[in-house]
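Undergrad: Listed in order, the protein sequences are those of chains A and B. Counting in numbering that gives the first Met the number 0, the first sequence runs from 0 upward without gaps. Counting in numbering that gives the first Met the number 0, the second sequence runs from 0 upward without gaps.
Hint data in this document are derived by calculation from the structure and do not stem from the laboratory. None of the values given here were measured: they were computed from a predicted structure. Incorrect hints may have been included.
To be verified - Below are the DMTMM-like pairs computed for lysine to aspartate or glutamate, each with C-alpha atoms no more than 25 angstroms apart in a straight line: (1) A:Lys58 with A:Glu115; (2) A:Lys58 with B:Asp536; (3) A:Lys49 with B:Asp583; (4) A:Lys58 with A:Asp110; (5) B:Lys448 with A:Asp66; (6) A:Lys116 with B:Glu600; (7) A:Lys49 with B:Glu336; (8) A:Lys5 with A:Asp110; (9) A:Lys5 with B:Asp678; (10) A:Lys5 with B:Glu336; (11) B:Lys564 with B:Asp583; (12) B:Lys390 with A:Asp110; (13) A:Lys58 with A:Asp117; (14) A:Lys49 with A:Asp34; (15) A:Lys49 with B:Asp340; (16) B:Lys528 with A:Asp117; (17) A:Lys5 with A:Asp66; (18) A:Lys58 with B:Asp678; (19) B:Lys448 with B:Asp332; (20) A:Lys5 with A:Glu115; (21) A:Lys116 with B:Glu243; (22) A:Lys49 with A:Asp117; (23) A:Lys116 with B:Glu56; (24) A:Lys116 with B:Asp340; (25) A:Lys58 with B:Asp389; (26) A:Lys5 with B:Asp240; (27) B:Lys564 with B:Asp524; (28) B:Lys390 with A:Glu96; (29) A:Lys116 with B:Glu627; (30) B:Lys528 with A:Glu35; (31) B:Lys390 with A:Asp66; (32) B:Lys564 with B:Glu600; (33) A:Lys116 with B:Asp678; (34) A:Lys116 with B:Asp583; (35) A:Lys116 with B:Asp524.
The chain contents come next:
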Amino acid sequence: MNPSRKRRIRLVVALTAALLAASALIYTSFSAGSDEQTAGQLLDGAVAGKTYTLAGTVKDGSVRRGDGVLWFSVRDPHRPVSVRVRYTGLVPDPFREGRGVMVKVQRGQGDVFMGEKDTMVTKCPSKFQVAPPRPGGGPASAT
Amino acid sequence: MATVGRALLIVAFAVALYGVAASLYGAFAGGRAWVDSGRRAVYALAGVLTLAFAIMEIAFLRSDFSFNVVATHSSTTTPTFYKATAAWSSQEGSLLLWVWLLSLWSSLALAVTRRRVREVAPVATAVLMTFASFFLMLTLFFAQPFETLAAVPQEGTGLNPLLRHPAMMFHPPMLYSGYTLFSIPFAFAIGALVTRRLNAEWIVSTRRFALAAWLCLGVGIVLGARWSYTELGWGGYWAWDPVENASLLPWLTGTAFIHSIMIQERRGMLKVWNASLVLATGTLAILGTFLVRSGILDSIHAFGASTLGIPFLILIGAMVLGSVGLVVWRRADLASEHRLDSLLSREAVFLLQNVLLVALAFVVWWGTFFPLISEAVTGTRASVGPPWFDKYIVPLAFAIVALSGIGPLVPWRRLTLASVRRGFLLPALAALVTVLVLLAVPGAWAEPKAALFAGVVAFVLASVAQELWRGMRARQASAREPAPVALAGVVRRNRRRYGGYVVHAGFAILLLGVAISSSFQHARDVSLKPGQSARVDGFDIRYVRATSHAGAEKISLGAVLEVTKGGRHVATLRTTRGFYPSQDISQGIVGRFFGGESESEVGLRAGLGRDIWTVINPNITPLVPIIERGNRTFRRAMVGIMSGPAADRQQAAAQLFALRDAAVTAVARRFVTSPWPADFRFIVSPLATWIWIGAIVTFLGGLLALWPAPAAARRRVSAGYAARVARELARTTQ
């Protein structure tokens, strides 16, 4: 076969393969991606059985722990609503009230959303506060 | 001091702008004197920025809270080691670090190349100084490191507890060194394209910087992974977080580049590909900085809202458009001198490996930016998780590792049946035996992919060992040296080649650790009281006793655990969770000592066979009633003091603070004296330590490849290179 024709065929085959691979990648990302939703969007339209990524801020005074289960509410950034989440699994160190959080959830009973195990991501704070200096040093003991 | 720092930044900005103007004028009109002046401007910039950075470091070490950046990122209780590193925990300090490192590496590159690539260097200088001008503009107008506070606080807010880890001392400087070092081949590529000096000279002059960039970025990535494993309290080292991915992207394309330039150097092929790769790598390095600094994607690293997004987007847009435009404009000059002789040749293996690395980079890029892409396409922000990444990354990584073993065995130009027999027999046998042995191990059939991957790793290790053995034998035959001397001699004379082979071996070991530790990992979350045990992968882990420590910096609640197997003691693990105090007075006088940030100290027993990893998450809810009672009591006492005689207030307050400290200590001790169940995560990961061993081997190989060759070998290479330049000149003048 003519060498330049051979090269052209090779190029077409390679480009076709690359195009097919890229199409598969794009298709699977849209089908496997989970939608990021605010509390208000979940309350309005979450369907049972579908997984969503809930994004928002942990509501003050809402965190409760017990029997390996973490309960907390996530505030909507735009509307005065929040959803209650029941979560098990890994809780990132920066998790706390008032902190931005993302967690995969499914709609449960009523307005409670069930967090998927080990899916919580917490925003790392750029700043954090420590107590003012303590006259007389500070507590220092070890047990 | 802050005024001097600000003045130095203004001077640096002026010097950088002068450097751009002088270099361009010298390159296109003014002649050598202007070019030299532009280069000296880079040296001057490095000097000025060294002073500026020193001023910021001194401010941190002296806890000078008149600097806003010090007041918000350090405190008097922050250990000195971390005060020195706190500078780059801030947005402002990071940007100053970036531009300072850029000035240092640029100075080195321009000093090394001052007698070479004379046409290319002035344009490269202008590009590097443009980057410097951009980052200095950010430090002057958007995130000012020398901003001062009108009212100087007595105490700073302290360093983020999560950053108090030794790896964090080196992780950001290594990453930024990687990013800034990649700017150097980027700048020289632009210079080569603009001046049409597109032979291999610019590559030869900057390849060591590309390799150093690859090495620094790789070390930075691994340090970040190590920090994640030992500090973040989730037991993993990689989460496909956008900021992790951002550093991986230029590393992947950079890896492709340092392989493909060998083909251009040797055979004058892949010029368009190499130029595109290095331009993409430089752009991705800036993209990485942008991702961390802009907070555009949700990440555990994100610095929240930032005003830096628009300037970065403008820079990245200009880099992309300029790069594409230049490559298209110079496409005729970038034509290959030779064609691929055979699909079964080392060139073809390199090309395939390059394609796979770029495909890997594309997968990572797509997954990272998918939230923005999906929002633009569908109107809804969606994200993909680790399973999506794994689906594509695992087979691609599998193939790349296999090619890293095949490459050294395949000759340049064409593979023959004789070379297949000579090169592949032993590695293939090693791979086959490894797979068969592993599949005979009980439980291995559950993850056959892991056994296959181990076979591929065995192939790579055998191929590298075989190449070293053959090199050594050849040297022994010619120089009649003993084996160790011959091996050292052959490696010393071919550092780039054998350093590369060591990198291949190290990387295969690293990925073997990743594959086995993730495939056969056992993890368990349990709630235990002292005396209770949990069983994980055959290990009995007993919660022996609770611990507490109330110090000036934080309150730690923890546990001592004993690990046994079949009644035999294996390890004693200690894990704690540190609670840092909050300045939020609404949490109460006692409560704020438990209400700030918290961080985990992992209990780890690392071994060649397996790691046993644990972390405690003590529930402090049972302490809440006591804390609230303390808050009420001390609030009443404080009101009493404030309503008493003014002369006695200071002494009374000091006594009250001493009592409060004792109360806080007593509250923390309740965790020991009246223990309640605490949550633990236990993980047993086989071969996890080999990830870090593989990384060390990889970077030692990188250092070996980076180290300058002995003078004799260098002369030989220079002679070969001179002959090649002469050939190219003859070709272009025909």
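Undergrad: Now tell me, hint by hint, if it's right for this structure.
TA: Consistency of the hints with the structure:
no., hint, verdict
1, A:Lys58 with A:Glu115, "19 angstroms, holds"
2, A:Lys58 with B:Asp536, "38 angstroms, violated"
3, A:Lys49 with B:Asp583, "39 angstroms, violated"
4, A:Lys58 with A:Asp110, "15 angstroms, holds"
5, B:Lys448 with A:Asp66, "37 angstroms, violated"
6, A:Lys116 with B:Glu600, "22 angstroms, holds"
7, A:Lys49 with B:Glu336, "56 angstroms, violated"
8, A:Lys5 with A:Asp110, "63 angstroms, violated"
9, A:Lys5 with B:Asp678, "65 angstroms, violated"
10, A:Lys5 with B:Glu336, "18 angstroms, holds"
11, B:Lys564 with B:Asp583, "46 angstroms, violated"
12, B:Lys390 with A:Asp110, "34 angstroms, violated"
13, A:Lys58 with A:Asp117, "20 angstroms, holds"
14, A:Lys49 with A:Asp34, "10 angstroms, holds"
15, A:Lys49 with B:Asp340, "53 angstroms, violated"
16, B:Lys528 with A:Asp117, "23 angstroms, holds"
17, A:Lys5 with A:Asp66, "68 angstroms, violated"
18, A:Lys58 with B:Asp678, "23 angstroms, holds"
19, B:Lys448 with B:Asp332, "46 angstroms, violated"
20, A:Lys5 with A:Glu115, "53 angstroms, violated"
21, A:Lys116 with B:Glu243, "22 angstroms, holds"
22, A:Lys49 with A:Asp117, "17 angstroms, holds"
23, A:Lys116 with B:Glu56, "42 angstroms, violated"
24, A:Lys116 with B:Asp340, "53 angstroms, violated"
25, A:Lys58 with B:Asp389, "34 angstroms, violated"
26, A:Lys5 with B:Asp240, "43 angstroms, violated"
27, B:Lys564 with B:Asp524, "19 angstroms, holds"
28, B:Lys390 with A:Glu96, "35 angstroms, violated"
29, A:Lys116 with B:Glu627, "32 angstroms, violated"
30, B:Lys528 with A:Glu35, "38 angstroms, violated"
31, B:Lys390 with A:Asp66, "35 angstroms, violated"
32, B:Lys564 with B:Glu600, "24 angstroms, holds"
33, A:Lys116 with B:Asp678, "15 angstroms, holds"
34, A:Lys116 with B:Asp583, "31 angstroms, violated"
35, A:Lys116 with B:Asp524, "11 angstroms, holds"
In the structure shown, a violation is registered for the earlier hints numbered 2, 3, 5, 7, 8, 9, 11, 12, 15, 17, 19, 20, 23, 24, 25, 26, 28, 29, 30, 31 and 34, in ascending order.
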